Each structure stands twice: as structure tokens, then as C-alpha cells.
Amino acid sequence: MVESMEFRFHGRGGQGGVTCAKIVAAAYASLGKSVQTFGDYAAERSGAPVRAYTRVADQPIVNRNKVYEPHHIVVLDHHLLGAAVFAGVRGGGTVLINTPEPAEVYATQHPELTIGTVDATAIARKHGIGSRTVVIVNTTIAGAFARLHGLSLDLLRETYERLGFLSNFDAAREAFEAVVVRPVLGAARSAPAHDGRPAAALPPVEALTEHVVSAPTGLQTGTWGTQRPQYLEKLAPCNAFCPAGNDVVEFIQSLHNDQTGQAATILGRTTPLAGVCGRVCPAPCMEGCNRREYDGSVNIRGLERWVADTTAVAWAKPTPDPKPERIAIVGGGPAGLSAAYQLARAGHRPAIFDGEAELGGVLRTGIPAYRLPRDVLDAEISGIVDLGVDVHCGAFLDRDALAKLSDDYDAVILATGLQKLRDIEAPGNDLRGIEQGIAFLHRQNMQGGVHTSGHVVVLGGGNTAMDCARTALRAGAERVTVAYRRTRKEMPAIPEEIDEALQEGVVLLERVAPAGFTGSGDVDGIDLAEVEMGPPDDSGRRRPVVTDRIVHLDCDYVLLALGQSADTSLLPETWELRGEQLFRRDDTPLNVFAAGDLATGDGTVTHALGSGRRAAGLALRALGHDVQVFERPDRRTAVPATDIRVDHFARRKPEHGTTLSSDDRLHHFDEVHAGLLDSGEAHRCFSCGHCTRCDTCLVYCPEGIIRREAPGYEVDYTYCKGCGICVEECPRRAMEMIES
Amino acid sequence: MTAEFLSANHAAATAAALAGRANASARGFGGGVYPITPQSECIELLCKMDFTGPDGRSRGEIVRVESEHSAMAVCIGMAQAGVRTFTASSSNGLAYMTENVFAAAMYRLPIVMMAVNRTLGPPWNIWVDHGDTLMLRDSGWMQFYCEDNQEVLDTILFTYRLAEDRRVLLPALVCQDAFVLSHTMMMTEVPELEQVERFLPLLDLPHRLTHEPVTVGGMDFPHETEIHRHQHAAAMAAVPAVYRECQDAFEECFGRRPADAVEPYRMDDADTVIVSMGTMASTVRAVIDAARERGEKVGALRVRMFRPFPDAELTDLLAGAKRVAVLDRDISLGKGGVLWSELRGAEPRDCLVQNYVIGLGGGDVRPHDIQNLLDDLRGRDEVSAPRLMEVAP
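Sequence lines, in order, name chains A and B.
Counting from 1, one number per residue, gives the positions in the first sequence under the numbering used here.
Counting from 1001, one number per residue, gives the positions in the second sequence under the numbering used here.
Calculated directly from the structure, the hints in this document are not laboratory data.
One thing to keep in mind: the hints can contain errors.
[To be verified] Residues from chain A shown here face chain B by an in silico Cβ test under 7 Å; the list is partial: (1) 22; (2) 26; (3) 29; (4) 36; (5) 37; (6) 38; (7) 39; (8) 41; (9) 62; (10) 65; (11) 66.
[Said to hold, decoys possible] For each label pair, taking beta carbons as the anchor points, the in silico distance ranges come out as: (12) A:104 <-> B:1295: 49 to 57 Å; (13) B:1384 <-> A:714: 40 to 48 Å; (14) A:79 <-> B:1066: 39 to 47 Å; (15) A:704 <-> B:1053: 49 to 57 Å; (16) A:704 <-> B:1234: 49 to 57 Å; (17) B:1064 <-> A:698: 29 to 37 Å; (18) B:1384 <-> A:104: 52 to 60 Å; (19) A:716 <-> B:1066: 34 to 42 Å; (20) A:166 <-> B:1053: 27 to 35 Å.
These figures come from a predicted structure and were not determined experimentally.
Think of the CB as a built atom: it goes at the ideal place given N, C-alpha and C, for glycine as much as any other residue.
Bound conformation, chain A alone (with noise of 0.2 Å):
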């Protein structure tokens, strides 16, 4: 052995690297040697480079410095390999190596050293050293240690013992065994004797200055992460919700940061109706909301109404399609508008077809002007039909006019609604001032001034049954009953038309049917039978079982909103509705489409904006035109409520804007709800899986590698070490850990 040794260790944080240095030492101090071991630490935790120095010498030692040209290195990590690694290694000096790699891939890239490897993880691994994932290699690399070094296994055995590593010995018994050393030791050496300088240049020393401050030396951390951060713009619940494929999230941010305009435009690509629907949609976007079970849902109906209320509707004019498509659609409601906003947007010439004297379908003939005042309504349809579709209003199909429209047109969408309504099937049914809620409203709707007194029963729990009530209210009624047989828990009706009609004075009566009418040619009362809740259905709500239990109402009208269905009679007898398409019975399918209620039943307006949206989509591609054609998306991959971190944001209850007085509003058709005072309400969205640039991720990062870089952040991956606490504190989830 030389008078004096000098060795440095190549470890990871956890690896144990100034432990395998101590043991070293420790076996050399028995035999005699002075010996000095200690490790080169910085402020860096489980799974930095760290270094450790052995010093062995015959004499007392007294350097205290670090050793920067070692006469043998231990790499206990060979990923760590590197010219940091083997700066300063005497020639004929010896190099370990922990790896599955066999030593002649390391022994021809230096022919001046010894190289020794040995895969001390999977050894250590196998003797249940450290954890699976973590396994710790100091005791079984020293066992190859000794190999190379020619200490023996009795004098490793006996320094485990002192060290109280007893258990880990034969572990490095087997890595003794082991280690592979090329070239194979003993043999003669075709390397240049070591003349006692460094392999590698040692950077030059600076000069004797002032003021002079030297960088200090950067551990890459980034290195043995397994994980890191990524952002992601990830599925908002309230997009995931949203029946009409609206950029909730993003429309709602641009308001954040007041950006009207922007945030019509982003409405504009999937809705021509946002003043409708600000108004009238029963916005399952705000069931999904993540905020709803914190401090209650973003009023985002009433944000899109704030949209289309301060913003003029004036949409560009499209650039024509280089192939333009004829298509007809049957019906002008708010299926049928979608459809053709979106085909003249793509620069085609829609048609549009519809039995009543003017466009809107439902909308006009059945929601009241207290609703959805016909300004509104009359500005959104006009702003559809300046963009280029062809309007034939009056204009009722038969069979034969529509077989006709197929042939005329490359495609035809049919977005002809529910036409068929329910009656019911009870004694006195056909007595007079019993009446099809639809057709009642229609007349108001349509003509005006109509006029009702006395008691009012309203039978059904819809829309319709609550648009019945209060506009019978409206038009005169002393009292208004609503009559439904289930329990309000259950009534389909939006809550908030249910919590105005009771507020005007309408009132509900639950869990009654039915039963029969009195009267002698005009209708005086209506039998009621009580009714109970049974085992739920398939829509999971409660089968309502009617008893024989009556109870009798006097009332002086009747209006029926018990539902309507698709009136498929009205379709040419050789075709026939599957799903989204109609074929012909001999299976060939037809170039017509289907389009909201027709073809989804879901009678909402959000839902028939999704499907005339896509029914359009549907027509092109036939058409074969490369279009995307619109998906609802899985809600099931929104963002949950569980990944908010609702810490950031401080409780507020929704803003709901004002409303007119219950007893002022009974006396016309004025809209009941003004609105929202301003676009405030933005500023409680969560933003959910949608970076707001918050900082967030900056300020929490414990190593201070984020930073911002349009248009969101960077990351250094070079030392970011994985730690997820940017992830986990993101207050939107607006990112994920994804392996490296």
C-alpha cells in the first residue's frame, strides 16, 4: 500500500455514499492506518449529489481540505457519471462503479484506470436493503470495495460488526464475489505508470483578486427526479355540463379580466342565443360548477345574459365556403337556428323552413315575454339570418313537401320539436276550459290578450306547467294551483321558475293525479287522487302509485302541461328516424338529419344548440367536407371538487342580480329579472383545470425554478426535483405530475 490514500465517493442523498466512506475508513483504521472520512454536503436533501472523502495514510493526517485528485473513486449511483465525476482521478488509480453495465464498456473509455462494477442495487435490492424504490447500496458496494482493494472479507465482517451492520454483510459478501474488475486484477498493466498528476486539468486558480465573486457550483437536481410538473389545460365541469359545447370556463375568465368582447366571441363559436339562453336555459353548467357545494354555483346564466346584454350582436360576415351546400331545415326553433348559424357561419346557404309567421319556434310560442322578452329574442334571430340563410316562415311540410325538400337540397336537417302533446284520460276530459297548456300560451304568445278568472288548475311540473301558471296569473286569473304528482323535489321545472311562481302566489299542490273532471259543458272542478311514492324508475326518480284516495278541487280552467313527444306520422311513410339520421325502411340512409328534441328528446334550449350544432356537422361530413363535428364531452374526466384548493378563495355567495317585486310584476309581461349590476360575479369562478396565471405554482415552489414565460410559466426542469408541491398547490389543478 502507498504511504497515503486518497479516495472520493460518488453518491446520491440516501444512497448512503458518506456511510460506505466511513466503512472504508473504519476497516482501514484497523489495520493501524490513520484514517479522516467526511462527507461534502450541501443544502440539498434525499437524491442530490453528494460526495464523500476518504483519506488513508500512514501518517498522523492534517489536511483538512477536500480531496480533488483522488487515487481511487466509488461511483454509487453510475447515472451520476460524468466529467465531474472522474476530474481529478490519478492515472493507475481504481474506479467503481455500482451498475448492471459490464466493466469493459467503462475500461476502453479509460485505458489509464482500473475499472471495477458490480450492481450493488440489485443486490442490495435483494437482501431488502433500504426500500424497493429506495434501495441503499453503501454496505454492498463496500463489500466490492474490499475486492478491488484488497481488504479481506474477515477484516469487512469485523468492521460491520463494530459499525452494527452485521445484518448487511452478506450483501456485500455477494458484491465481493461480484464485482467484475477489467482489466482483470493482477494482470500487467499496458497503462502509463501513474506519475502522481491529475488525469484531467484542474480549473486554473484565481488570481489574487478584490471584489470578485465566483459563481458557486450548480447541483443539476432536475436529474433524479422520476416526476415533474407539467401544465395542462384540463376539462372544466362546467364545459364538461354544458349541453351546447359552450367555452364556459373561458368565456367566464375573458369577463375575469374584462374582456367582454372576448368573451362574446368565445360564446359566439358555439351559440347564436346567449341573450336566450342568459335567460331561459336551465344551465347544467352551474349543476357541474365546482363552487356549487363550497358557497353555491357561478351565476353563469347570468353572466352569459351580461355578455349578450352589453355587447351588440354582430356577428362578421362569413367567407363563402369554396363548395357551398344547399341544405333545408325543417322547423326555426333553436334546433334548427343553431343548425343554420353554424352552416352560414361555414359560409353555406341554410334554408330555413317553419310553419309559424315568424322564426323561434318554442321560444316565441312558448315561453312568455316575462321570460325572455322578444327584443331579445327578435335581435338574436335577426343576427342569424343577416349572416345568410334563406327564411321561409308560414310554411307548413307535409310528407310529400318534405320527400320534395330531400331531393331539391344536398341535405335536409328536420328540427321539428315535440309536436304531439299528452292528453289525459280521465272521466269529463272533454269538457269545455280544459285546454292544452302549449296551445294557451301559444294564443297569449302569439296574439295577446288573452284573458282567464276564477281558479286556475295547472296539471304537470314543467316549464310549461310553470310558464301556464304564471302567465294565467298574469292574464287575469284570482288564484292559479299547480297539480303534480310527484313532490317539487322532483318537478322537472328550472327551481327558480318554481320559486317565482310560488313567490307570485301560484300555489302547489303535490302528489296528486288526476282523476276525473266536473261539470256540466263547462269544467267546475277536478277530482284528485292522492298518490304515493314507489320504488324508483329507470330516471331514478320515485314511480308516483295513484291510491283511490280523492280529494275535489272547484276551479274554474284547466290547462294540461303533461309533456309532449316527437310526432313522427308527419314524416313521409318510407322513412324512418334512427337516432341523429333517417334512412330509408330499406336501409339506405337518406340525406336528412335530425336535430334537437326530434332527435335527442331533452327539451331544453342548451340541448337543442348542441344538437342543431351538430346535426349541421353531421350534414357537411356526408357532404364530405373535412368538419369536426361536435361532441358533448365526458363529463366524467372534468376536474373534480376534490382537486380545488378551495383555500385560495375566500367565501362569496353567487350575485343574483335585481328583481322586480312579486306583486308589481303580476300585472303585465314585463321581464321579471334585470339582470347582473356588472360582470363582478366572474371573479368567483374557480377557473377549474385552466391556468389564470395566479403565481401560485411560482410562489410555492420550495426551489425557486418557475417563473413566468408567456403565455403561462416555465419550469427548469434541470432542477426541478419532482416534488409535486406546485401541483398540489395549484389552486385550480391546472396541472399534473406525469413521470420523466
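Using the hints provided, position chain B relative to the given structure of chain A.
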């Protein structure tokens, strides 16, 4: 006496525990502790130590507290009750402890504290720099700077005897360099308890608390403060003589003699002298050896005791010097090296004293760095402002 393979942090804890057990038949041992890198290893080991006496009763209590300020407060309370006390800290921990560091000295309590010298932050730096303990220069504590593992262990034992001497009764700060010493393992001679008991008399604090309640540290009027400072200064002045007695006693008990307050190296006929503290002195010696081989008249002084400052010893030792380099691993911003400014005046007339501030923030000061400044010193005709030297990373 057995040789053990210990880090200097563990050597300090081992020495403290031995001193503590040696007081078991008096008022026992204790202290408040709070971890801070690079000192934590020391108190971690101390917390694992068993201080159960032969009667099965605990004779020692290490109290884990929430801050350095409280750690020293615990030591103060225990010491006032006559307990032999120990704690350890470092860097910004010392800065936070400072109010009570002063209090311990003003109360004249013979607490021994081990400090691992670490750079004060921010920005944070965990490596060696003497600025943290030199900040406490005026706190009324004795200060010692160690060079190797054995000296750390020996100095803890040594300073208990010195601090508890009735002519002194002052707390002692035993300093060692971060990592270079604190985390470096070397074979260290650990004495037997019987030897320590022989060296360290039981602590009998003359002003310890009794069953009669008193207020300590109440109010001082100017003439009383003058008296207290006078007494404190006199105690400091008494240290060198007691120090030499302790050296003799230590040598008698353990068979080796602790270094003098200022440790000379190859000073015979030296006209060029390098003065330093801590582990840098080892590197300096290697450079001196090489220069002597070239026939140069160079020598070195290591200041082991910084408070009280060994003016007389330095004046004697520097009597023949023509050029003196003072190495400071610290900087008093706005002045220069602290050791240098303290030493000024001890040099003879016509002697050139140049300050080199080197190894700040834990830079590894290597032989060629020392040689560089020696060359610089040799080429000088006059003194300049303290020179800030940078060492290669």
C-alpha cells in the same frame, strides 16, 4: 482511554456527556437544545444519552425546546440551580439566541456551548465562516477555536474546569468549523469517566439558587453596572493564569497537554508569520513546512483562545516578526477581518501586518491559496486595506 472513530460533532456530545456524568453526585447535568445544521448531530447524540444515576434516578435532562432563544433560557435556569449545562448552536441560531447569550454571561453562569461556525444568512449557506461566533465577541463569554476532532473533545472538558473555576465563573464558547471539522470522522481518544471525574471537580456555584426565593438580574444603577463590568473584566483577566493551571491538570489526568492560548509553529527565527484560527491552521502548517524546506524563515501562530484575547502572548510571539499575514475567515463589514483588527498593536514597531480575508462562506482554502498570499505578503513594502481573497471553487 479508548480510541473511537467519531465526527467532531459526536466528539463534542461525548465530552459534554462525560462532563455531565462527572457531576452526577452534585446537581447533575442538563441543557436546552434546538437543532440547526451543521450542529444537529451533536445534540441528536446527546438526546440519546442516558444519564440515569446508580440509584436509578435521572441525573441529567436534555430539554428539547422550540428555539435557540429558549435553549439558552433553559441553560440559564438550570445553571442558576447549580446544574452543569451544555448546549450547541450555529449561525443564525446563535443570532436568535443572542439576547440570552449575553444574559448567561451577565449572570456569570459557567455554561459551555459548542458552536459550529457557519455562514450567517441570508442568502443561506451552511458552510464554515467564523462570523457567527465573532458576532458574540463582546458578549462576555470566553471563546475557543478548535483545529481538529481531538481538540474539540478535549476543549469541552477543559473549558468546564476553566469556566467553573471560582476566579472565572464565565460561560465558554467552544467553536469548530462547519463540516470540515463538525462532520469529519477521525480516530479520537475518549477518556474514561473516572479520568474526567478526577479532572473536573463537582460544580459548586457560589450564587446558585436555594430554597429562598430571590430575584436575579433585576435592576442595575450606573455605579452597580460599573462594578459588575469591572468584576466581569477582572474575571476575563484572570483567565490566562487559570488556563495554564488547567493545562497542567489536564495533562496530569489525560496524558496530553492542550495547546496554549496561542499555538506557535516553527516560530524560531521566523521573520514572516501567518496568524489564523480553526482548521485553516493545519493548511497553513503544510505551507510553512514547504517554505522552510526552501530555507525561508516563516512560522505560524494559531489563535486558539479568542476571548479573552491573548494580547500578551501575541506580543511576545511576534517580537521578531517583520511581516505578518492575518487570515480571517470572517469579515466585519466596514472594517475588515476581526482577528486582524484585534491583533493590531501586538506587532513590533516597523512590522508589516496585512489582513487576508479568505475562505468566506466555506470556500476550501488550499495550500496554493496560502502560498499565494504568502507571495503577496513577501512582495509588499507597505500595508494595504484588508484583501478579500477568493478561493477556487
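Here is what the structure says about each hint:
1. 22: holds, 6 Å
2. 26: holds, 5 Å
3. 29: Result: holds, 6 Å to nearest chain B Cβ.
4. 36: holds, 5 Å
5. 37: Since chain B brings a Cβ to about 5 Å from residue 37 (chain A), closer than 7 Å, the hint holds.
6. 38: Interface hint status for residue 38 (chain A): holds (4 Å vs cutoff 7 Å).
7. 39: Holds. Min distance 6 Å.
8. 41: With a closest approach of 6 Å, the residue 41 (chain A) hint holds.
9. 62: holds, 5 Å
10. 65: holds, 5 Å
11. 66: Holds, about 5 Å.
12. A:104 <-> B:1295: 49 to 57 Å: holds, 52 Å
13. B:1384 <-> A:714: 40 to 48 Å: Distance hint for residue 1384 (chain B), residue 714 (chain A) holds at roughly 46 Å.
14. A:79 <-> B:1066: 39 to 47 Å: Check passed, 40 Å falls within 39 to 47 Å.
15. A:704 <-> B:1053: 49 to 57 Å: holds, 51 Å
16. A:704 <-> B:1234: 49 to 57 Å: holds, 52 Å
17. B:1064 <-> A:698: 29 to 37 Å: holds, 36 Å
18. B:1384 <-> A:104: 52 to 60 Å: Holds: the Cβ-Cβ distance is about 58 Å, inside 52 to 60 Å.
19. A:716 <-> B:1066: 34 to 42 Å: Given range 34 to 42 Å: holds, Cβ gap about 35 Å.
20. A:166 <-> B:1053: 27 to 35 Å: Holds - the Cβ-Cβ distance for residue 166 (chain A) and residue 1053 (chain B), about 32 Å, lies within 27 to 35 Å.
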